[in-house]
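Start from the sequences, fold in the hints, and give me the full structure.
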Amino acid sequence: MNIANTYKPDGSYKLESFTENMESEITRLKFQVDLFYRKEFALYRKMGLKDGMMIVECGSGPGFLLANIVRDLPDCIATAVEIDPHLVEQLTKNASENGRKLFEVINASIYDTHLPDNYFDFAIARLVLEHLKNPEKAITEVIRILKPGGRFVIVSNDFAYHLITHPPIAELDKMYNAYIESRFSEGGNPLIARQLPALLKNGNFENIDIEVICVHSGMEGDKPFLKAENVNISKSLVREGFLKKEVLESLIESWYKMLQHPDHAIFRQLFVVSGEKSTTKGIRNHNPREEKFTISDSRSMVPDNLEGMTTTQQESALRIFFINKVREIIENKDLDPDPDAKLNDIDIDSIAAAELSSLVKSDFNTVVSISDILQNLSISDIIRNILSNPESFKSLTSDRLVNKTDSNLLEGEL
489 MNIANTYKPD
499 GSYKLESFTE
509 NMESEITRLK
519 FQVDLFYRKE
529 FALYRKMGLK
539 DGMMIVECGS
549 GPGFLLANIV
559 RDLPDCIATA
569 VEIDPHLVEQ
579 LTKNASENGR
589 KLFEVINASI
599 YDTHLPDNYF
609 DFAIARLVLE
619 HLKNPEKAIT
629 EVIRILKPGG
639 RFVIVSNDFA
649 YHLITHPPIA
659 ELDKMYNAYI
669 ESRFSEGGNP
679 LIARQLPALL
689 KNGNFENIDI
699 EVICVHSGME
709 GDKPFLKAEN
719 VNISKSLVRE
729 GFLKKEVLES
739 LIESWYKMLQ
749 HPDHAIFRQL
759 FVVSGEKSTT
769 KGIRNHNPRE
779 EKFTISDSRS
789 MVPDNLEGMT
799 TTQQESALRI
809 FFINKVREII
819 ENKDLDPDPD
829 AKLNDIDIDS
839 IAAAELSSLV
849 KSDFNTVVSI
859 SDILQNLSIS
869 DIIRNILSNP
879 ESFKSLTSDR
889 LVNKTDSNLL
899 EGEL
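So the sequence shown is numbered by the working numbering: it starts at 489 and just counts up by one.
These are computed hints drawn from the structure, not numbers from a lab. Note that this is a predicted model, so its numbers are computed, not measured. All residues carry an ideal CB built from backbone N, CA and C; glycine is no exception. One should not assume that every hint holds.
[Claimed, not checked] Here are the simulated EDC-like pairs of lysine to aspartate or glutamate, each with C-alpha atoms no more than 16 Å apart in a straight line:
| # | residue 1 | residue 2 |
| --- | --- | --- |
| 1 | K625 | D600 |
| 2 | K849 | D860 |
| 3 | K538 | D560 |
[What the hints assert, rightly or not] Computed Cβ-Cβ distance ranges for the label pairs, DEER-style:
| # | residue 1 | residue 2 | range |
| --- | --- | --- | --- |
| 4 | S838 | Y607 | 41 to 49 Å |
| 5 | F529 | K715 | 13 to 21 Å |
| 6 | P636 | P750 | 52 to 60 Å |
| 7 | G540 | S584 | 19 to 27 Å |
| 8 | K621 | E577 | 18 to 26 Å |
| 9 | L747 | D833 | 50 to 58 Å |
| 10 | N820 | E592 | 48 to 56 Å |
| 11 | S876 | S850 | 15 to 23 Å |
| 12 | D833 | T768 | 40 to 48 Å |
Structure below.
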């Protein structure tokens, strides 16, 4: 099958929306690689990249990154995967240098690379997953072609933290918000960097790590930053209705003024997330013991017949319930909290406080604020709030009573 003849862009990287001139986009991509390469390559080495490895880059574009890597690690056997026919043409040109073949070119999708199972030591996807409609499918394909113990490195933007200047340029926020809206509308996710650790974990990768690469015009100079950005992208946002023309014009003026400032600065970062394929089966076995408690766990541990008890009995029942609930929330079954001590004294953090506040609201129809839990409330205080609220027990129907299969979580029967 000739992939070039059947190619349809998937997601938000479409050359026609990124540029009005193919040559200018290729130049932008080269500067984008060169701007970060020195630090990026050092990080790849830290993550396990060695000379002589089998390397694959999925979504190689013109191949500038892979060519740099092979120049630095000449004994590596490298493969570049790219589906866009225009970029494949440029990629093929860059695959050889001075009569030497730098890497193999595969015209295929990251969703289906046509490459063999368990083949590569090191895989890279640089500024690719943020444009995909289905990044999970891409991760599944990469883990298939990696050897056990192989590492997948994803380099990505998060456009909430893209480019910062001094003096600040207010219009940049409007431009990046427009960019984010545009890419989401096309099926991409320009905020994906913050989700990558979870995506790799859900894709059965292990030993997941995250790093941030920062570059600054004070060290790199202005030119790489200016060349790595492209006004054509901003112009396309205006053309497609995501950005007002007046904002773009004001942005360009502010950008020019910023560059005239004697101490001006341009600051950018990339997020680098990596994971390792298991050396056993490539799929991490599910182990329920490793899983953390979630807000919904054991929510119905409310002692039965609470309404028919005396106040003393209710206090005793609720004390047992909340002691065990606090143990569960902070994941310390050996904890023996004093019901009259401030919860803050047993290191209740903000997430645990939010969970406890949510539970009191949903199970007892009583409002206890997160800030009060973090600052001055004890278990006994929470119980007093519940018992003083006439609405507390209206939500306690038979399906909200003690689950006898969970009774081992209580210290005793009433």
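What hint numbers does the structure not satisfy?
Result: no hint breaks.
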